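Trainee: This is what each chain is made of:
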Amino acid sequence: MVTRHIVGAHYGLKDWIAQRATAVYMALFTLAFVACTLCLPELDYLSWRALFSSALIQFFGFLFALSLFYHVWIGVRDIWMDYVKPVGLRLALHLVTLFLLIGYAAWVARILWRLQA
Amino acid sequence: MSKRTVQFKIYRYDPDKDAAPYMQDISVELEPSDKKLLDALVRLKAKDDSIAFRRSCREGVCGSDAMNINNKNGLACLTDIDSLKQPIVLRPLPGLPVIRDLIVDMTQFFKQYHSIKPYLINDDPPPERERLQSPEEREELNGLYECILCACCSTACPSFWWNPDKFVGPSGLLNAYRFIADTRDQATSERLDNLDDPYRLFRCHTIMSCVDVCPKSLNPTRAIGKIKDLMVRRAV
Chain A
1 MVTRHIVGAH YGLKDWIAQR ATAVYMALFT LAFVACTLCL PELDYLSWRA LFSSALIQFF
61 GFLFALSLFY HVWIGVRDIW MDYVKPVGLR LALHLVTLFL LIGYAAWVAR ILWRLQA
Chain U
1 MSKRTVQFKI YRYDPDKDAA PYMQDISVEL EPSDKKLLDA LVRLKAKDDS IAFRRSCREG
61 VCGSDAMNIN NKNGLACLTD IDSLKQPIVL RPLPGLPVIR DLIVDMTQFF KQYHSIKPYL
121 INDDPPPERE RLQSPEEREE LNGLYECILC ACCSTACPSF WWNPDKFVGP SGLLNAYRFI
181 ADTRDQATSE RLDNLDDPYR LFRCHTIMSC VDVCPKSLNP TRAIGKIKDL MVRRAV
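The listed protein sequences correspond, in order, to chains A and U.
Residue numbers for the first sequence follow our numbering, beginning at 1 and rising by one.
Residue numbers for the second sequence follow our numbering, beginning at 1 and rising by one.
Rather than coming from a laboratory, the hints here were simulated on the basis of the structure.
Keep in mind the model is a prediction, meaning the values are calculated, not measured.
The reader is advised that the hints may include incorrect statements.
Pairs of lysine to aspartate or glutamate residues, derived as DMTMM-like cross-links and limited to a Cα-Cα distance of at most 20 Å, are as follows [stated by the list, open to error]:
#1 A:K14 <-> U:E190
#2 U:K216 <-> U:E139
#3 A:K85 <-> U:D197
#4 U:K35 <-> U:D14
#5 A:K14 <-> U:D39
#6 U:K17 <-> U:E59
#7 U:K45 <-> U:D25
#8 U:K216 <-> U:E59
#9 U:K85 <-> U:E29
#10 U:K36 <-> U:D14
#11 A:K14 <-> U:D193
#12 U:K226 <-> A:D15
#13 U:K226 <-> U:D165
#14 U:K3 <-> U:E29
#15 U:K226 <-> U:D212
#16 U:K166 <-> A:D15
#17 U:K117 <-> U:D197
#18 U:K166 <-> A:D82
#19 A:K14 <-> U:D229
#20 U:K166 <-> A:E42
#21 A:K85 <-> U:D165
#22 U:K117 <-> U:E146
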């Protein structure tokens, strides 16, 4: 069988922008979150819980998790693309990664929003 | 200056004779006029004519004598012998198939170069004298047209090692931008389409090994950044 090398998938720019945008958002959120944590009256369970009960932290924290997972998706997919050559195995790994990350996102949502102020 | 002896450790492989590559320890006595690594290699070749390497212009213009010198890609003809730690370890350019000793098969490298259509595309009938550019427009091509296609950069790039058949590589992308940036070229959009691919362009993760090794001090990473910049401006 003749193996032809085929390129020209016509995607990549969107992911490249997303990887940078999510990185910037994660950096900003991390700084803000550390600042919030330092402003807590006491670093115990109750104030930690109160911090996560605030709608702002839930909203921006969930965005942080989504950014992280999208960032991870692009990065891990790049690793599969570089090192896993059999196309079937690579596709399977892409799907496993994608499903895991979607599952994690749902899990984060459940953990964050079950807390009530 | 007196004569001096230089120690080498050279990658040897002749597929017709050797079962596997090996490193050969060899030394050579230099004349006072020998300044560059290539001078020493020519002396070495006179001593043991089975050593194979490419060279041509001996002044950093043809790009033939690119090799891995003490674990860094460079041109033998531009590298001062006295600047190198001994024994000088010479290997072929990494990531390309070895034909013999320090000679590699550059087919894959040139396939990628050809894939970016390295020539001016302009369907207008040629003017009587020449297609003119303003000094500013011409200025943009500086740092791009000087590439001598020695492959030092592409073979220093891990992304090119993993996907030489799919990733264009720093040299190819620098040359791609050379034509994208040329105001006389009319195929800018097609050129960007040709590169909008997770492998062809976006395997570059900006680690800048290409910039580190380029013997002509060019900056493929900056050119790649400008290609991405144009793509963003086209899409957003």
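Trainee: Work down the list of hints and note, for each, if the structure agrees.
Mentor: Going through the hints against the structure:
no. : hint              : result
1   : A:K14 <-> U:E190  : holds, 18 Å
2   : U:K216 <-> U:E139 : holds, 17 Å
3   : A:K85 <-> U:D197  : holds, 17 Å
4   : U:K35 <-> U:D14   : violated, 29 Å
5   : A:K14 <-> U:D39   : violated, 50 Å
6   : U:K17 <-> U:E59   : violated, 33 Å
7   : U:K45 <-> U:D25   : holds, 14 Å
8   : U:K216 <-> U:E59  : holds, 11 Å
9   : U:K85 <-> U:E29   : holds, 16 Å
10  : U:K36 <-> U:D14   : violated, 26 Å
11  : A:K14 <-> U:D193  : holds, 14 Å
12  : U:K226 <-> A:D15  : holds, 17 Å
13  : U:K226 <-> U:D165 : violated, 23 Å
14  : U:K3 <-> U:E29    : holds, 7 Å
15  : U:K226 <-> U:D212 : holds, 19 Å
16  : U:K166 <-> A:D15  : holds, 18 Å
17  : U:K117 <-> U:D197 : holds, 16 Å
18  : U:K166 <-> A:D82  : holds, 11 Å
19  : A:K14 <-> U:D229  : holds, 12 Å
20  : U:K166 <-> A:E42  : violated, 55 Å
21  : A:K85 <-> U:D165  : holds, 12 Å
22  : U:K117 <-> U:E146 : holds, 17 Å
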